[in-house]
Each structure stands twice: as structure tokens, then as C-alpha cells.
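Chains as they are written, first to last, in the working numbering: chain Z, 1 to 388; chain V, 389 to 600.
None of these hints come from the bench; they were simulated from the model.
All of these numbers come straight from a predicted model, not from anything done at the bench.
Where is the CB? At the ideal position from N, CA and C, for every residue including glycine.
Certain hints may be false.
Partial list, derived from the structure: chain Z residues whose beta carbon lies under 7 Å from chain V [as the list claims (entries may be wrong)]:
| # | residue |
| --- | --- |
| 1 | A16 |
| 2 | E17 |
| 3 | A34 |
| 4 | T141 |
| 5 | L342 |
| 6 | A345 |
| 7 | Y350 |
| 8 | L352 |
| 9 | E364 |
| 10 | N371 |
| 11 | Y381 |
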Amino acid sequence: MLTLDGRLNELRRSAAELAPELRAQALALDADPAQISHLLDLPAYDLLRKTLTPRHLRSGTPRSGLLDFDHSCLAVVVSLLELARGDAGLVLACPGPALAGMVIDQLADEAQQVRFYDAMADGRTWSFFAMTEPAHGNDATGMQTALVKDPNFGYRLNGVKRYIGNGARARFGVVFARTGPGPLAIRAALIELDNKGTTQGTRGTGGFSARPLDMVGLRGARVAELVFDGLPVSEEALLGRHLSGSRRGIWGAMRTFNRMRSVVAALAVGTGLAIHELVVGERPAAPGAVEVAMRLESCRQLVYAAAATADRDPDNAQASSAAKMLAQSVAVRTSRWAASALGPAAALEYPLLEKWMRDVRAFEFMEGTTNIQRAHVARAYLRKDRER
Amino acid sequence: MDTTVPAATRPGYVDAAIAIGRGRGLAAGLEAALEGLDPVTVAPSCYVALTETAVPAPNGPFTLIPHRLAEHEGIRFVRLHGQCPQTHAGLPPERAVTLAAVRLGVLYAMLDAAIVFLSDRTAGGVSLIDKQLVMGTIADTVAEAGLLREALTLAFTDPAAIVGPCNEQLSALGWQVAALFGASGYLEDHPVRALYVSELVAGAWSEVSAPC
């Protein structure tokens with residue numbers, strides 16, 4: 001069992017204290033994800049943004065010394081798990097570095113990092129991470145979005161990205177695209193969009209448009225489809241220019257995924273814990289409550305361990321894949337248990353439960369499905385077995 | 389035909405309900421399951437699931453619960469007011485079997501759609517339908533669905549004990565099938581939402597009344 005140090009325990013306590021304010025807004029944001037402007041000054045969002053920002057780039061007034069924790073995957077996971085006990089949809093709706101920041105941490109040079117995190121600090125700027133495509137999902141080998149050389153701008157970006165969190169409201173984004181055939185030709189670009197042409201619900205700028213997608217759950221994330229139609233991208237916008245050729249693109253993406261999976265697993269466990277809390281609040285002696293709690297706490301430990309592994313060994317895919325696969329499954333099963341434990345029509349009587357029943361399914365589709373994770377876990381284990 | 393056997397025990401009865409779910413969808417199946425019943429009398433709780441055509445006239449003693457996914461399926465959730473609580477009898481056994489069999493039919497329809505979807509997609513140059521993990525999921529679903537059909541044809545022996553677990557298994561299988569569509573199945577306008585809505589409908593009608 002991994003023991004959190006004093007700072008991480010303080011971070012955990014602070015996040016836990018702020019979680020209820022997210023829960024209080026959960027149903028309203030689920031009903032209308034566009035209505036978010038009144039939430040931007042939530043203290044929970046301030047903490048979340050600081051958690052996701054490297055220590056040396058954090059700004060603002062410290063809240064009881066809370067700027068003083070490492071920017072580790074473990075710290076992110078500890079914080080997000082507690083905030084997701086409030087509501088994961090609210091967590092994903094928060095303006096700030098989000099998943100794009102994890103790519104920036106891996107691939108951006110110092111100037112790019114400063115530019116990105118400075119922009120995120122205002123608490124009004126969203127970012128997106130665009131990898132998934134309509135025809136091939138997260139399969140990088142099938143990626144079709146392309147950065148085509150252009151004598152005037154450096155490159156032009158063409159292609160379609162789908163299921164992109166905050167895609168329709170973000171000003172900054174990291175987009176993965178091909179500069180040619182083969183895995184080494186996949187690069188990431190940090191793009192900044194202007195607000196010209198903003199229209200209700202859909203933004204169109206020269207060479208870029210975003211269309212919000214109505215999803216079943218986690219609707220706060222305002223998932224969108226992005227269309228790049230010759231969007232100019234400068235050479236300076238490419239990430240990883242200071243890195244060797246083999247470490248500029250997909251290598252960074254893979255490392256980022258290893259961290260992201262732990263984060264998604266944390267969101268799943270947090271939601272599972274929220275559901276359990278709802279059930280025992282209504283039915284303290286609900287059948288199975290002790291077993292469900294034990295399963296969720298075991299998952300919490302697994303997720304902490306996976307995050308610590310990502311910090312220690314960033315190329316290790318096994319731990320985060322196993323954690324994500326199991327946490328998602330346990331969260332779905334917890335939601336089903338809750339619906340049964342609370343009696344007939346529980347999902348209709350308790351709207352938060354119904355919302356979370358939808359939300360927990362989203363984790364299956366984030367950063368690789370269960371089958372993808374199973375393949376990662378098996379391959380990693382077999383590789384170690386051969387090495388033994 | 390052996391008329392001494394209750395209707396719900398005849399495989400033909402179960403298969404007919406499966407066919408409604410598979411061919412005509414969840415709302416048509418719910419309509420068949422509730423045909424001729426007074427929802428207020430049989431409602432297991434203050435909440436009921438009805439087809440949109442069966443919702444009582446406006447200004448009645450009920451509240452409509454907005455639910456986007458259910459509305460896409462032609463189903464409405466209703467909270468009853470003054471009548472609650474009343475008898476809370478639950479669905480008659482054969483109707484509970486009908487509803488579960490309808491859910492099984494919807495599951496089959498979505499599995500068929502998933503197979504078409506998976507056949508059209510590739511990953512790493514290989515058709516998704518040919519991936520062993522995907523084939524394993526399809527095989528598990530088909531086998532479990534067959535087992536559920538058999539269980540439902542036997543449900544008359546102890547409907548309260550059998551239909552509940554069948555519904556729980558249908559919910560688990562429903563999610564398994566929905567996941568085959570990847571993120572596209574998580575879009576609100578995707579037909580596979582019917583499997584999730586059927587879970588809510590079954591939850592609303594989860595109690596089975598004692599046989600007469």
C-alpha cells in the first residue's frame with residue numbers, strides 16, 4: 001500500500017473539502033453544458049488548475065500553502081480523485097491545462113510551456129487535446145490528420161478530430177497530425193485560436209470549426225468534433241523541436257497516455273465513491289455496501305500505485321492500463337449495484353445517481369477502451385516474463 | 389397447444405416478445421408489456437416508465453421527468469402524485485417476462501448493428517470484427533443471450549426470483565454491447581441508447597406481483 005506524504009495528504013484533504021461545491025452544480029451543468037460562466041471562480045477550479053500546472057509556473061495567491069506540492073502524476077491523481085467525488089463532469093469542464101498540459105509537459109520547450117501555462121492561469125481559458133479521429137479512434141497508425149508544408153506559414157493543418165473534450169470552447173489546443181508516412185512523422189502542434197467568427201454554440205475561424213457533440217454523459221466536458229481545413233500552423237508551434245527525432249511525436253503521446261490513464265482511472269474511482277456515498281447516505285445498511293466500499297478503496301490504491309509508477313517509469317504502460325481497465329469496470333458495477341440497492345426506479349428518484357450511471361460509462365472510451373488496455377497489460381507482462 | 393401451461397411459459401410467447409423488441413424497438417415492446425394495465429395500480433413505486441402515447445393528459449396528477457435519451461426512444465418517465473403510494477403491486481408475471489424478453493430483443497438488434505459497425509472499421513489494418521477480443525465479446529453475448537431466453541421461458545416457476553436476475557444480466561450485457569460501438573455509441577443520437585433506456589425502464593418496473 002502506497003502511503004501519501006504530508007503534502008499529498010494536505011492536497012487530498014483540500015480537494016475533498018471542495019468537492020461538494022462541484023456536486024452542487026452537477027445536474028445543472030449536465031442539463032446545459034454551455035452554462036458554465038458562473039462556475040469559473042469556484043475555489044475547486046482554482047485548486048484543479050494549480051494541480052495541473054507545474055510548480056514553477058503556478059501563479060496566484062497560495063491557499064494555505066497549497067502551491068507547495070510537486071507536479072507529479074500522483075499529486076494530480078490524488079487531487080482529481082477527490083474532486084471527482086464531487087462530480088467528474090465538473091472536473092472535466094474546468095478551464096485550464098487539462099490533458100493538453102500533460103502533452104505540453106512531455107513535448108514542449110520552455111518558451112512553449114510558459115506561453116501555454118501563462119494563458120491557462122486566467123481561469124477563463126480552456127485547452128483541448130486532439131488525437132482521436134472519426135474513422136480510426138486513437139489508432140495512431142491510421143491517423144489521417146496532416147500537417148502539410150506551406151511556404152507562407154510553415155504548415156497547414158487538415159483533418160478531422162472527434163470526441164475532443166472542451167474542443168468547442170478552447171482557445172489553445174494540442175493537435176496530433178502527420179507530417180509524412182510512418183510513426184516518426186506524427187507530430188504534435190500547439191495551436192492558438194482566435195475568437196473571430198464565434199457563433200452560438202459553434203465557432204468558425206479561418207480553417208477551423210468546432211461542433212459540440214451531444215454525449216450521453218460527462219456532458220460538462222462539452223465534447224466536440226473539430227475540423228481543420230488548412231489552418232495555418234507555424235514551425236514554432238510544433239512541439240518537440242528541441243528533442244531527438246524519435247522523441248518528438250508518438251513517443252510523447254504514449255508517455256502522455258500512460259499518465260492520462262491513471263487520471264481517467266482516478267475519475268472513475270472518484271465517481272464510484274460518490275455513488276457509494278449516495279447509497280449509504282440513503283440506506284446505511286444497504287446490502288453489499290461494505291464489499292463495494294472495499295472494492296473501491298482497493299481501486300484507489302491501485303490508481304495511486306499506477307500514478308506513482310508513471311512518475312517513476314514514464315514508459316510503463318502496464319500499471320496505468322490495468323488501473324484504468326479495472327477502475328472503469330468497478331465504477332460501472334458500482335452504479336448498477338446502487339440502482340439495485342436503492343429499490344425500484346432508484347435512477348428516477350435520485351437524479352444524481354442516474355447522471356453518474358451515464359457518466360461512468362464514458363471512462364470506457366477515454367484514452368483507450370478496455371480491449372486496448374487488456375492488450376497493453378498482457379504485452380507488458382509477457383515482455384517481462386521473457387526478460388525473466 | 390397445451391393450454392394448461394401459463395402463457396409466459398411457452399417459448400413462442402417469449403420469442404414473440406423478443407421479436408417485438410428486435411423488430412419494433414423498446415417503445416413498442418413497453419406498450420405490449422403494459423397493454424390493458426392501469427399503470428397507477430401496478431406501479432412498484434411513485435415512478436413509472438410509459439410510452440409517450442400512454443402519458444396521461446396534461447394537468448393530471450403527475451410530473452414528467454425530462455430525460456433526453458428516453459425521449460429519443462419515445463418513452464417518458466412519470467412521477468405520480470396523489471396516487472402514491474397505493475398498492476405497488478408490480479407487473480403481473482407474464483408482463484414482467486414480456487418486458488424482459490423485449491429487452492432481450494433490443495439487445496439482439498443492437499448486437500446485429502454492432503457487428504455491421506465493427507465489420508466496417510479497421511485498426512492497424514485489421515478489421516475490428518476479426519480481432520479475437522472482439523469475437524470473444526460477441527461470442528459471450530450470444531451465449532448469454534441464449535441462456536437468458538431459456539431462463540425467461542422457465543420464468544413461470546418463480547417469476548419474482550427469475551425475472552429480476554434476468555434483468556440484471558440484461559443490463560450487464562447491454563453495456564457490453566454498447567461498448568462495442570466505441571465512443572460513437574456514447575453519442576446521444578446513437579440507437580444503442582435504447583439499451584441504457586431499457587435499463588431504466590426495467591428499474592421502474594422491477595417488481596413482479598405475486599401470481600394469482
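Going down the list of hints, with the structure as the test:
1. Residue-level restraint check for A16 of chain Z is violated (minimum Cβ-Cβ distance to chain V is 29 Å; threshold 7 Å).
2. Checking E17 of chain Z against chain V: minimum C-beta separation of about 32 Å lies over 7 Å; hint violated.
3. Interface restraint check for A34 of chain Z: the shortest CB-CB distance to chain V comes to about 15 Å, outside 7 Å, so the restraint is violated.
4. Interface restraint check for T141 of chain Z: the shortest CB-CB distance to chain V comes to about 6 Å, inside 7 Å, so the restraint holds.
5. Contact between L342 of chain Z and chain V, as hinted, is not supported at the beta carbon level, the nearest pair being about 9 Å apart and thus beyond 7 Å.
6. For the restraint placing A345 of chain Z at the interface with chain V, the shortest Cβ-Cβ distance is roughly 4 Å, inside the 7 Å limit, so the hint holds.
7. The restraint placing Y350 of chain Z at the interface with chain V is violated, with a minimum CB-CB distance near 11 Å, outside the 7 Å limit.
8. At its closest, the beta carbon of L352 of chain Z sits 14 Å from a beta carbon of chain V; the interface hint therefore is violated under the 7 Å criterion.
9. With 7 Å as the threshold, the beta carbon of E364 of chain Z comes within range of chain V, its nearest partner Cβ sitting at about 5 Å, so the hint holds.
10. Residue-level restraint check for N371 of chain Z holds (minimum Cβ-Cβ distance to chain V is 4 Å; threshold 7 Å).
11. Proximity of Y381 of chain Z to chain V is violated relative to the hint, the smallest CB-CB distance being about 16 Å (cut-off 7 Å).
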